[in-house]
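When the letters of the sequence shown are read in order and numbered with mature numbering (1 follows the signal peptide of the UniProt record, and there is no 0), they come out as residues -32 to -1, 1 to 385.
Think of the hints as simulated: they come from the structure by calculation, not from any bench.
Some hints here could point you the wrong way.
Okay, derived cross-link-like pairs now, BS3-like style, lysine-lysine, Cα gap no bigger than 27 Å in a straight line [said to hold, decoys possible]:
{"hint": "1", "residue 1": "212", "residue 2": "246"}
{"hint": "2", "residue 1": "327", "residue 2": "212"}
{"hint": "3", "residue 1": "335", "residue 2": "261"}
{"hint": "4", "residue 1": "149", "residue 2": "212"}
{"hint": "5", "residue 1": "227", "residue 2": "295"}
{"hint": "6", "residue 1": "295", "residue 2": "261"}
{"hint": "7", "residue 1": "227", "residue 2": "239"}
{"hint": "8", "residue 1": "227", "residue 2": "212"}
Predicted, not measured: the structure shown is a model, and the values here were computed from it.
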Amino acid sequence: PARQPICPPGRRGALACASLLIALDPSPTTFAFVVDCLAWPHDCELHAKRRDAIPRPVDVHDVIFCCRLFTAMPCIPRGERGDLDKTFQEEEATSSSMAYLVAQLVHTVRSMQDGHRQKCLYGFGTASRIVQMYAAAADLPSSSMEEEDVADLVEVLHPGEDNDSGTKEEQTMRKLMLIRKTWLLAQLEATNSAYAASQDFREFFSHTAFLEEFVLPNVQDECMYLRQRAVGAVVVLLRHVPAKPEVERLKVVTAVLEKLCPLPLQNEEDKIVEEFKKWVEENGMGGTGKGRKMEMQAWLDARTSLESSAVQVMGVLMGCCANSHPKISRELLLFLISLSTIRPPLRHDCYRALCSASKLSSFGSVKQFLEEHRDWILQQWLCSGLELGHLPLVVCDADVEWNYLNLYREEDEEGGE
């Protein structure tokens, strides 16, 4: 009988077949085969053997489909699969790693876009999920990430260290990220999750690099959402800074405090504004040329929000240093108590900072946290020459302070209506 012609599936059929293959055999070899067929059809061996094959251009949507498919279905680590079935051991050992495949897919997507399209910085979340998948399988043999794999994923998460290095595409990415804060936010969230999840990632991307590239620039950024994520990044960083030598943790705390906007212990608005302007100029954020005045005004408009973020960062520093550096923790505690007394508009922010500190230092409430330090607070208060009658309400009873703050906010909301 005549040989029946082979009818290849359409695009939807090919995607369905790829999903089925990955579900039945989540191995590096299967992943590599799917990538060759969908993302890089010209490199596929089956395509090369067919004489009647028609060259098919790469479809960016197929490449993105591969990325989503791989992160949705975790791959069995090659070493573990070799233990399950010895016949596949040699084949799996020579196949490309998941990290490498995903990194190449992300670079393919980015190279097919221009600066005006959303996908030119695609892949932050994808790379982060791959790191988390490796970390989740850390208890399995041969499932740790190789240094080359980590390097590939770091390149995805942090394309080009600055505007003067890296490829032309990487330089363009960096410039676009400075303009579009949503991409910086996605990058910070993804890198933060990857850094918190994997020891292999932290060994390659050191805490110093994470501090300088992601924490310090964002704790003083004009964008409120970036600063909020930076607070979480500070917690992640301090949790994974090497315990010894202790000077490393101290360096991190000092560097973060130096980057925060000033919080002067005075209630004169003119002096507060002048000190804030000086901080903006010293950090090179005041702009240049004709736009300098408008840039400074934008920072002045964001001053209240920046001060609130600075208080929150102090709260997490206080909680993270409670055991390792109690002196620093107590100094921050006394500073926030004094700040809430001298500058009432920051009173609620200071209480929220105390909430963060109490949780991070394993206390059930702010009241329990302050009771632990009450004797020391009273001693410092009296040594400063202040009367007990001026002692802040939060020190006397934190629960009453919280009720008062909520009542004060409700009155403000009713007045606003």
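Hints, verified against the model:
With a C-alpha separation of about 36 Å, the suggested pair residue 212 and residue 246 falls outside the 27 Å cut-off, and the hint is violated. The straight-line distance between the Cα atoms of residue 327 and residue 212 is roughly 24 Å, inside the 27 Å bound, and the hint therefore holds. Note on residue 335 and residue 261: the hinted pairing is violated, with a Cα-Cα distance of about 45 Å set against a maximum of 27 Å. Simply put, residue 149 and residue 212 have alpha-carbon atoms about 36 Å apart, too far for the 27 Å limit, and the pair is violated.
For a cut-off of 27 Å, the pair hint linking residue 227 to residue 295 stands: about 20 Å separates their Cα positions. For the hint linking residue 295 to residue 261, the alpha-carbon distance of about 41 Å lies beyond 27 Å, and the restraint is violated. Between the alpha carbons of residue 227 and residue 239 the distance comes to roughly 20 Å, so the proposed pair stays at or under 27 Å and holds. Using a Cα cut-off of 27 Å, the hinted pair residue 227 and residue 212 holds, with the two alpha carbons roughly 24 Å apart.
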